[in-house]
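Use these hints to put chains S and V onto chain X, whose structure you have.
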Amino acid sequence: MLGAFQDEDGALTLGNLDALTSEAAVSALKGSLILSASTALLGAVLGAVLAYLVVSLPPRSLLRRGTLALSGVLAQFGGVVLAFAWIATIGQVGIVTQLVSDLFGADLYGSGWLFGLPGLVVVYCYFQIPLMVIVLAPAFEGLRPQWREAAVNLGASTWSYWRHVAIPLLTPAFLGALLLLFANAFAAYATAAVLVSQGQPIVPLLIRQAITSEVILGQANVGFALALEMIVVVTVVMVAYSLLLRRTSRWMR
Amino acid sequence: MTDHTSSHGLAVALSDLTRVYGPVKALDGFTLDLAPGELVALLGPSGCGKTTALRILAGLDRATSGTVSVGGKDLTRVPASKRDMGMVFQAYSLFPHMTVIDNVAFGLKMRGRDGASRRTRAGDMLDLVGLGEHADRYAHQLSGGQQQRVALARALAIEPSVLLLDEPLSALDAKVRVQLRDEIRRVQVEVGTTTLFVTHDQEEALAVADRVGVMNAGRLEQLAPPAELYSAPASRFVGEFVGLSNRLPAEVRDGVAALLGREVPVLPGSTTGAGHALVRPESVSVVADAAGTATVATVMFLGPLSRVTSTLADGTDVVAQLASSDALRLQPGDAVRLEVAPTPVLVVA
Amino acid sequence: MTPSRSFRIARAVLLLVFAAYFFVPLLAMFDFSTQVRGSAPGRTWDNWTFMFRDEDLRSSIVASLLLALLTVVLMIALLVPTMVWVRLRVPRAKKLIEFLCLLPLTIPALVIVVGIGNVYSWVTYLLGDSALVLTFAYVVLVLPYSFRAIDASLSAIDATTLSEAARSLGAGWFTVVVRVIMPNISGGILGAAFISVALVLGEYVFASLLRFDTLPVAMAALYKSNGPAAMAAALASMLLVSALLVGLTFLSRDRHRRNPGASS
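Protein chains in written order, with our numbering: chain X, 1 to 253; chain S, 1 to 349; chain V, 1 to 264.
Okay, chain X solo, but in the shape it has when bound (with noise of 0.2 Å):
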């Protein structure tokens, strides 16, 4: 699969490379990463809290239990029916949008921001933070009890044992979820590919229009080039990511 890809490298030259520094191709690049890091961000820290707040219920309690189920459902809810469910939320005639315009007479919609970028943070986060909550919750159920007891016991506040013992025990997880969750909102395709009808304002959607526009020949290499760039986003994520790691979880080896 990769070799096919790579065959083309004698027909990469280095116009398919300039392609990359057109004017299109890095503002899509700075909206993928736009998108991708705040969402990564958002969802990390909301899902942190939901995840927190689930694992903080009875072991037993049916609402625990459902959350996580959902959040399995949910993380792997994207594509066509997430964007089908926010147009008919804050769509043009969405059930808020109209409920807000009746209630306090603003404009929910106002110039279609749910079509660009904005929208796409907003409803990406719909699949981001169940990711999220799925991931960080075994690291919270990882958290003993007697950690807690251990620094109660040896004199610390709620504060401290946050700041001394949890927080350091969580982030090696927890950047790691980051970093799963900037990938994953930087490959999604789908639902920005429904959503989205009007220009490239992320990479996936510039490959699209490389890929699968007849017009102009010689495109599908311009294809090429931003699947490339695609892949050295996400190796240069990873090998930041564990070289954060390494100095994060030194104590895990």
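In short, the hints are calculated from the structure, not lab data.
All values reported here derive from a predicted model rather than from experimental measurement.
Each hint should be verified, as a subset may be incorrect.
In silico negatives: residues of chain V with every beta carbon more than 12 Å from chain X [what the hints assert, rightly or not]:
1) Val17
2) Leu27
3) Met29
4) Arg53
5) Leu65
6) Val73
7) Val90
8) Gly115
9) Ser186
Below, a sample of chain V positions facing chain X; criterion: calculated Cβ distance under 10 Å [as the list claims (entries may be wrong)]:
10) Phe7
11) Ile9
12) Leu14
13) Val62
14) Leu66
15) Val113
16) Ala234
17) Leu244
Even glycine gets a Cβ: it sits at the ideal position worked out from N, Cα and C.
Structure of chains S and V alone, referenced to chain X:
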């Protein structure tokens, strides 16, 4: 934090503690006093409430009623973080992201001690438990026994008013368990801290404690020095839970039990009339006698001692513990005579 | 330590906020799907029955379901014998297999599409342009998830001892794999199948860019002409997938319950 010298130890009083979890009474009017510097072991089957008692003393659990006081001060409403108690948990309580020395120094850090004095004190504590060399390792690089030593050093570093040990040996191998048990006793005597040691292992309790409290169903059945607990159980539960006992039919009259054709004094708390005497295997001797009414069933070699099981005419099995040199002369099927030593026994209904 | 009262109140409030964020879009979709076309007032189930009436949509549903079935069959046929074999006979290769199976997870699906675009023009040339040829791509796509499901259940049983016991009793290798190992990892295989079905039913990247008419592609196309009907179909597929995935979590929980942990 108070900076009392722990070498004297403080008196601990748990008074009339009751703890109710839903329909379950984990503690039911539990009262226990520890003398300054004393090591008391709480012994009992799982679910008897011994861990609940320890956690209430630590402040990790709240009593439904009753009071906790240490050194005459009422601590019932004091939060765990201000109680100044050092606790060693069953296992895995070391903070995995800190080195050994940082673990030991954690309590001092929480007390705002400066870095240099923290390190010195933590180093001293590690030397005390014989792990000075391992200061910069992480918990997972240590064996289970070493981890528990670090946990002990960590608990002692804060110069606690009371040392609490919650089954600290139960996750270890048999050999390490014995070693560390003796080590804990040595260190405890050295620092002189009043200590509560919770365990379900009677050998452990009898070996380390000044006094052992046997618990059953949320109550203290008996609190006594190990030897007394063993030789003079106050109740049937204690007699059967601590050590091995034969239940032999006996007839009690005027404070004397007729037992295997012999008269044996009875302990306070015994019934009168027909009952069963709880007789230790080492109180029974087996004598080869062709006219004897008992028959040897099995001889089990245990090293210096052997355990001989004989069957009485009425079918009751009696276990006796003899020196191996004597026991090995007996063969299964031999006719023997059983004799009971004249030590007082508890006779129960 | 039991949580304090104020913490519990804060927790309830926050959980409600999260619930609103996650459930309102689903309710909105349902609301939308029962609207009468052309924003006339009133409610109708017409949009829900549309998916059975419309020829195009129906054929795409059939194609997607068939794709899911074929993917599952091929995945099991490839993965299970390989994994069992590796575990029993060549444990050294385990790392390699694991790496290969998790590889698709690290490469964006879109990049894979770009990479196999050429391959697929050959595949469709040789095998015809039925959507079912997507099976090959989908097997790769579901590999990481299926691998982990099966690997987890394989690790939970002591495959080596089981096979040694079976072989000492005279079983051949085929019997070992099919009669001894497979029944013991049926939970993992079922889990792998469920998650594969869920992934295949929602997959859009491959299908749309390689231009095959699967359910998600058909829904996206339908949305332009008949929004409410597309919403209904989307919600229906979402419910089916949720049922599968929730079923999966309960399945794995049952498995845990049968062998309770040693830690209590």
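Reported absence of valine 90/V from the contact zone with chain X (all CB gaps over 12 Å): With a cut-off of 12 Å, valine 90/V remains clear of chain X, as the shortest Cβ separation is near 24 Å.
Any CB of chain X closer than 10 Å to the CB of alanine 234/V? It holds, given that the least Cβ distance between alanine 234/V and chain X is near 4 Å, below 10 Å.
Leucine 27/V: least C-beta distance to chain X exceeds 12 Å? Given that some Cβ of chain X is not farther than 12 Å from that of leucine 27/V, nearest at about 8 Å, it is violated.
Restraint: valine 113/V near chain X, CB-CB cut 10 Å. Satisfied or not? holds (8 Å)
Measuring Cβ to Cβ, find out whether valine 17/V lies farther than 12 Å from everything in chain X. About 10 Å separates valine 17/V from the closest Cβ of chain X, which leaves it inside 12 Å; violated.
Can you verify the interface hint for leucine 244/V: is its Cβ closer than 10 Å to any Cβ in chain X? holds (9 Å)
Confirm or reject the statement that arginine 53/V sits farther than 12 Å, beta carbon to beta carbon, from all of chain X. holds (20 Å)
Holds or violated: the hint that isoleucine 9/V contacts chain X, with Cβ atoms closer than 10 Å. Cβ of isoleucine 9/V sits 12 Å from chain X, so the hint is violated.
For valine 73/V, is the shortest beta carbon distance to chain X beyond 12 Å? holds (21 Å)
Do the numbers back the hint for valine 62/V, that is, is its least Cβ distance to chain X under 10 Å? Given a least distance of 18 Å, the restraint on valine 62/V is violated.
Verdict on leucine 65/V as a residue remote from chain X, using beta-carbon distances over 12 Å: With a cut-off of 12 Å, leucine 65/V remains clear of chain X, as the shortest Cβ separation is near 16 Å.
Was the hint right that leucine 14/V lines chain X, CB cutoff 10 Å? holds (6 Å)
Of the numbered hints listed earlier, those contradicted by the structure are 1, 2, 3, 8, 11, 13 and 14.
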